[in-house]
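There are 2 protein chains.
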Amino acid sequence: MNRQDLLVSLRAAFASPTVDDFPSIARTNHPADVAALLDELQPRQAWRLLGAVPPQTRAELFANLSAERQVGLAADIERRELADLFLHLSPDDRADLFNRLPEDGRETLMPALAQVEREDIRRLAAYPEGAVGAVMTSDYATVPPHLTARDAVEHLRAVAPDKETIYQAFVIDDERRVVGTVSLRDLIVAPPHARVADFMKREVITVSADDARGEAARLISRYDLIALPVIDSDARLVGIVTYDDAMDVAESEATEDFHRVGAMGGLAASLRDATVASLYRKRIFWLVMLVFGNIFSGAGIAYFEDTIAAYVALVFFLPLLIDSGGNAGSQSATLMVRALATGDVVIKDWAKMLLRELGVATLLGATMAVSVSILGVWRGGPEIALVVVLTMQLVVVIGSMIGMSLPFLLSRFRFDPATASAPLITSIADATGVVIYFSIATALLGIPEPHA
Amino acid sequence: MNRQDLLVSLRAAFASPTVDDFPSIARTNHPADVAALLDELQPRQAWRLLGAVPPQTRAELFANLSAERQVGLAADIERRELADLFLHLSPDDRADLFNRLPEDGRETLMPALAQVEREDIRRLAAYPEGAVGAVMTSDYATVPPHLTARDAVEHLRAVAPDKETIYQAFVIDDERRVVGTVSLRDLIVAPPHARVADFMKREVITVSADDARGEAARLISRYDLIALPVIDSDARLVGIVTYDDAMDVAESEATEDFHRVGAMGGLAASLRDATVASLYRKRIFWLVMLVFGNIFSGAGIAYFEDTIAAYVALVFFLPLLIDSGGNAGSQSATLMVRALATGDVVIKDWAKMLLRELGVATLLGATMAVSVSILGVWRGGPEIALVVVLTMQLVVVIGSMIGMSLPFLLSRFRFDPATASAPLITSIADATGVVIYFSIATALLGIPEPHA
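Line order of the protein sequences matches chains A and B. In this note's numbering, each number is its position in the first sequence, counted from 1, plus 3. In this note's numbering, each number is its position in the second sequence, counted from 1, plus 3.
It cannot be assumed that every hint is accurate.
It does not matter which identical chain is used: a pair holds within one copy or between any two.
30 Å max Cα-Cα, derived DSSO-like pairs, lysine-lysine [claimed, not checked]:
| # | residue 1 | residue 2 |
| --- | --- | --- |
| 1 | K285 | K351 |
| 2 | K285 | K355 |
| 3 | K204 | K166 |
If you are wondering where the hints come from, they were derived from the structure by calculation, not from laboratory data.
Chain A with its partners taken away, still in its complex shape (with noise of 0.2 Å):
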């Protein structure tokens, strides 16, 4: 069936969605799809159908809420409810939920559970945010080296229903140190009788829990896997993500960096759902930023205010050039940001591409130029056309190599490349076109030095 069809026959049955009914749409439908409709409904009715379904359907729908959803539900229901809930939740999305509950609703919550769940959540809710160790799961799959190819599919179907996946299983020894990794296509194909550790996979990737979410998205992007082992600072194995999680990572970074490179921080809910409020936050602090950085261009042009006056067909050109600079360094932080957040490019490529940068920049600004040479000539005569020429080129290189150039330092002073990286740049070139230009018009037309 037709994705349309299924929302379509889904959003019907759920008019007027009754407690009868619930389970078997909750069972023929896929729980994202049932999730978005339940985030539509008024708390108390939405925990009235959770609690016609069996627990483990009622976790996997609560999973697929929206952050906010989930915890707005948690404060509705009852501690012991919570701790039920909590139990069936995958070792993720319970630390994830934990981390997003209140100070006291995490207070309440502690003592209604078992010792090795309360531990469980304290190890994973202990990395921060953006680390692998905050998106990894507890529930993976290990396979005895020893085992026959037979015996190991058996071992893996016994362990299924409390795995994440059972399509990348590991193989640790006694200190729990990944020693091999063997997938389950691998296991079928494999003779019955073949031992596990003759034909594991030796070399393993593997990622820190320290490090960024996103890399462990870009090595199973990469390698093409199903599941990443996690270890800790003692390589010890502690965790896997898998290519689900990963993929939803590599979106909300995307989504990040595309809002930050628009001078924008981070947005936790979706936009459909964001408040006022929340956008408000997220955008006012840049854009305040910014007209500071505004004044610099102001500045400029008050202190050549003579100039000006002199030759008022100056300031026809103004905003193109100054923006040509800017959108030109735009360009190239764009590119810029994107490569280094893909790992397209590395610090060390540097040099190399400013050089290439001057070139590209050299061609676009004559472009550029040319294109503006005749309206030069026709608004005010071939001299300020010789004027806007040189500054057309002049800015547009010298803005493209500030665009390549700040993703980079800000990368390498380990600030986020991707921070305001359009706007700022064009706030700088803004500033250096409204000297370049002004610098050349007096220089070239002959208007006494100004004065301030």
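Starting from the known structure of chain A, fit chain B onto it as the hints suggest.
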């Protein structure tokens, strides 16, 4: 082993790669890493090494090379060898390479292939580049519905070598319509004698081969799928998209959107390997377009020459005011473009979001107006400050409204909403800002109507 250590030892082994060492290097390292090093060699040397490994390994390494390198190497070998390589590539990689070959390369290749291969290539290569059909593979696994779970596993084991994945298998009827799906996990966990038809999942999410490839990536991410079945216009199964291909699609779509928002065309090569010419072509169009967009701002300024001459202090605030409208608008556009790309918002949400944006922009504008008011009093006195404050409030609200609407309008008329959104909005907001600023100044400061 840590990935860095792996790469270091691989690079050491590659320092002077010999035909004798290469097979063992290729066996113990991931094809993505080995291919990255092959990418740096001369074509002749790369072929010499590739010639030393079995055809299957050769094809796997080849498929991991960059697109440009694949075409370059393909031009460097005999037709018969190329045909042999083709046979060992997976159908999707084969179709990709075929599409990238020059016309004459394709024509000499076709006769060297068997009838069935030719048809498969023609079919897969027929889909346009952005379609699901162009990223799908025809190497999917099917299981007959009457098999028992045990027999189905046995069946998948037998077909495994030729299939992209056996973790998800599809049940099709006589007309190749998908009637159900089972995962290998389901098959392993099910009682050995249970029939596939009795426990397969009947609600199968599918995608059309003509849909945009991003849609396949979104479905795979939303429903945590390993493989998504692709159907033709008659609802017949024609291929699958696997999760790893979906990750690549999602990454390249995010990169393209990133670049488009920054006013650039698509870049086929990676940024590191891009040539000066390709970067120039990618960037020049929008730079020149935006030059002409800025003419309106220039014309606006020229039109208000008299006002400017009477109150030169106004010029100080010009860059700051017009950029603020553009910055606020770019923020809205960036949020919206990304939300449209991830499917987070749809066109019907527009009216509601525009209303919310009005609230957000009013608050943003008010905050920015307050921050700039002190500067206004200091540089220009209370009257100029009033003009600046009013203009700030207005340009931020108008810029935000434009920023929120333009991506929606573009996507409504089936243009790509990402295309040049931020710089285009900056240009529009700049021109609007100039007119608003000097109109308010002229009205409040009581200067006679300007003449052109």
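Hint check results:
no.: 1; hint: K285 to K351; in the structure: between (33 Å within a copy, 24 Å between copies)
no.: 2; hint: K285 to K355; in the structure: between (36 Å within a copy, 19 Å between copies)
no.: 3; hint: K204 to K166; in the structure: both (21 Å within a copy, 20 Å between copies)
Of the hints listed earlier, there is not a single one the structure fails to meet.
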